[in-house]
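Generate coordinates for the entire structure from the input sequences, incorporating the hints supplied.
At position 250 of the sequence shown the residue is numbered 319 (this note's numbering), and the sequence of numbers has no breaks.
Honestly, the hints are just simulated from the structure, not real lab data. The C-beta atom is built at its ideal place from N, Cα and C for all residues, glycine as well. Heads up, some of the hints might be wrong.
[As the list claims (entries may be wrong)] Keeping only pairs whose Cα atoms sit at most 16 Å apart, straight-line, the calculated EDC-like set for lysine to aspartate or glutamate is:
id, residue 1, residue 2
1, Lys287, Asp320
2, Lys287, Asp319
3, Lys287, Glu306
4, Lys287, Asp310
[As the list claims (entries may be wrong)] Across the chosen pairs, the derived CB separations fall in these ranges:
id, residue 1, residue 2, range
5, Val322, Gln216, 30 to 36 Å
6, Gly459, Asp400, 35 to 41 Å
7, Arg604, Pro521, 32 to 38 Å
8, Arg580, Asp643, 30 to 36 Å
9, Ala701, Pro416, 25 to 31 Å
10, Ala95, Gln216, 39 to 45 Å
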Amino acid sequence: MADIALHDASHRHPWPAAAIPRLGLAGLQFVDGPRGVVLEGGATTFPVPIARGASWDGELEERIGAAIACEARSFGANWVAAVCVNLLRHPGWGRAQETYGEDPVLLGTLGAAMTRGLQRHTIACLKHFALNSIDSSRFLVDVQVSQRVLQELYLPHFRDCIEAGAGSVMSAYNQVNGQWCGQHRQLLTTILKQRWGFGGFVVSDFIFGLRDGVEAIKAGLDLEMPFPMIFAGCLAEALADGRLAMQRVDDAVLRQLRCQLAVPVGDYPPSLRGCPAHIALAREAATKAIVLLKNDGPVLPLQGVRSLALIGALAATANLGDRGSSDTRPDPGVVVTPLAGLRAADPDLQVHYSDGADHAAAAALAATSEVAVVVVGLDWRQEGEHIHPGDLAPILSQMPPPDPLLQRFGHRRLRPLWSPVAAAIAALTRFASARTGGDFASGDRTALRLDPTQEALILAVAAANPRSVVVLMGGGAILCEAWRQAVPAILLLWYPGQQGGAALADVLLGRVSPSGRMPFAVPTSETHLPPFEPRAPRVVYDLWHGYRRLRRAGHPSAFPFGFGLSYSRFNHADLQLQLDLDQGALQVAITVNNSGPMAAAEVIQVYAEPPGQLVERPQRSLIGFQRLRLQAGEQQRLRLTIPLRRLAYFDTAADGFLLEPGRHGIRIARHAEDDGLMLPLDLEACLVGR
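Structure representation (structure tokens):
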């Protein structure tokens, strides 16, 4: 088998499309980039999107988008697939790390911010449209969903990104209600292009995202990637025999040209990659993402501590996320691990390290130190993008041989890229991996606990030292019920990017207060989650997942959606509401005071509690939020504008969003299960937009 690790084209060059040199059109140059540009050559690796979702910081996400876009341009790319807003229906999804969380308002706000940042310098690619949230069966699963569920839960965040200016949308591999997403007319044309007024172009997911070329382009797909294989084999004949109108082809071409010509002209030198400003941004993002889940005592911050036992193999590992299409490959020397971060943070702090393989030795080390910090969790071997080889044969059988097509259309730039792609397809078909060693093969998780060895390590260390802190790494939910009562402090570090160790040291030592909030709810049992069968050929999506499902069933979370502790204290007071029907908005005002000992950030969360008399509705749903940093003793009056559409439900008969008449509760809360402050809001029935 070819050494795909050495010849992986997706990490060597942008993927070209729509280039016409004789007309001076350099084309669309595609790179992936949810956590940074995937090309080798010094690009910055940021925390994964789910970590940035925990920051609840749209302004930060826009800056990260602009940084990724600038670095992409330095490689010659002008089209960046960094806006992944697939809803996290089940926190065991293998690609949970690539999205922002389980709630459409959180996804829409952060996805729109990333879109704006990317569009300053490139074309933003929004993916995967739509209902793509199972990985192990993504090439075959048929997602059954009602129009109400589709419009209320699985589309609003895509619409937010379109309204923010996204230039392109990538269709998903899966089916929705019996139609492949790459040829789904309702999604691609009726909703996206007609209802939402999307003026950009729709691209297929790579290689396996296109089944019937004629049906796809008629349904609204504009571009096949990474090569014109199926399109090239059928479109000319379909035009000749009248099955396809030239106007549709012209429209697809025009959409691509408009986006290509709109990319700003500018100088983007290689020195932008990993520049000091972007490294500082990666550290800021990693710091803001850290969630303090527990802090009894309090144990944290570690002030006045002179000796620390740091335990666990992940403490000395560059653990950046999965090794699928979002895989970044920074030089190992630039990645700050927890061990390196703590040793660099304070030269007077004695950091004694053990990989934890010998539990007795780790416990003995913990017993002789003032504090023990255990770093455990997941890596690419437990979760990530997955390709099941048995699903590819039916798709590959539809593809014409690529070499004649490349010769026919004269794609000289494509030919050097095809050889590694062909090798990758062969490897995927045999080993379900993009690289030697199975790096692609982890997929979805149905068991959400740590492996028994790691749980035993935590318990051994906690028994030896009552001042034990557990640091969790990963991208999806980790159930902690077997050990969370045994330790006084738990931090969630995620996959924190190349500055994660420095960020962790800042938080552990109290230089920065933790301010992350959970972007999904962590239950006490997998049985409280929606049914999840990674190889299911058919699945039904309803309104009930995440914090909505837990509340409906009466199951308190282990860690609720929106939850996170701080080293400071915040008070909320004087909640006021003002309804503006002319503008279709609700104005919410609240006074926030930092009454604690240090500067810190609070995340103000606004939830709606509808009457639910006309149709069953979630008892509480997020409708808005704002991150706010205050100095110790500082007070600020915060005002949020919330679209009324977020309070509405989708009425199938009216084919639009309808405000339910009656009393709605508007609640300011610290998380989805917090009582907080509530005021009633009486609404009349009216349509608030389609």
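Status of each hint after checking the structure:
The hinted pair formed by lysine 287 and aspartate 320 meets the criterion: a straight-line CA distance of about 11 Å does not exceed 16 Å. For the hint linking lysine 287 to aspartate 319, the alpha-carbon distance of about 12 Å falls within 16 Å, and the restraint holds. At roughly 14 Å between alpha-carbon atoms, lysine 287 and glutamate 306 fall within 16 Å of each other, so this suggested pair holds. Annotation: proposed proximity of lysine 287 to aspartate 310 holds, straight-line Cα distance about 15 Å (limit 16 Å).
In this structure, valine 322 and glutamine 216 meet the distance hint of 30 to 36 Å, their C-beta atoms being roughly 32 Å apart. One distance hint, 35 to 41 Å for the beta-carbon pair glycine 459 and aspartate 400, holds here, with the actual separation near 37 Å. With their beta carbons about 25 Å apart, arginine 604 and proline 521 fall outside the hinted range of 32 to 38 Å. Evaluation of the 30 to 36 Å hint for arginine 580 and aspartate 643 yields a pass: the beta carbon distance comes to about 32 Å.
For alanine 701 paired with proline 416, a C-beta distance near 28 Å keeps the hint of 25 to 31 Å intact. Between alanine 95 and glutamine 216 the C-beta distance comes to about 41 Å, which sits within the given range of 39 to 45 Å.
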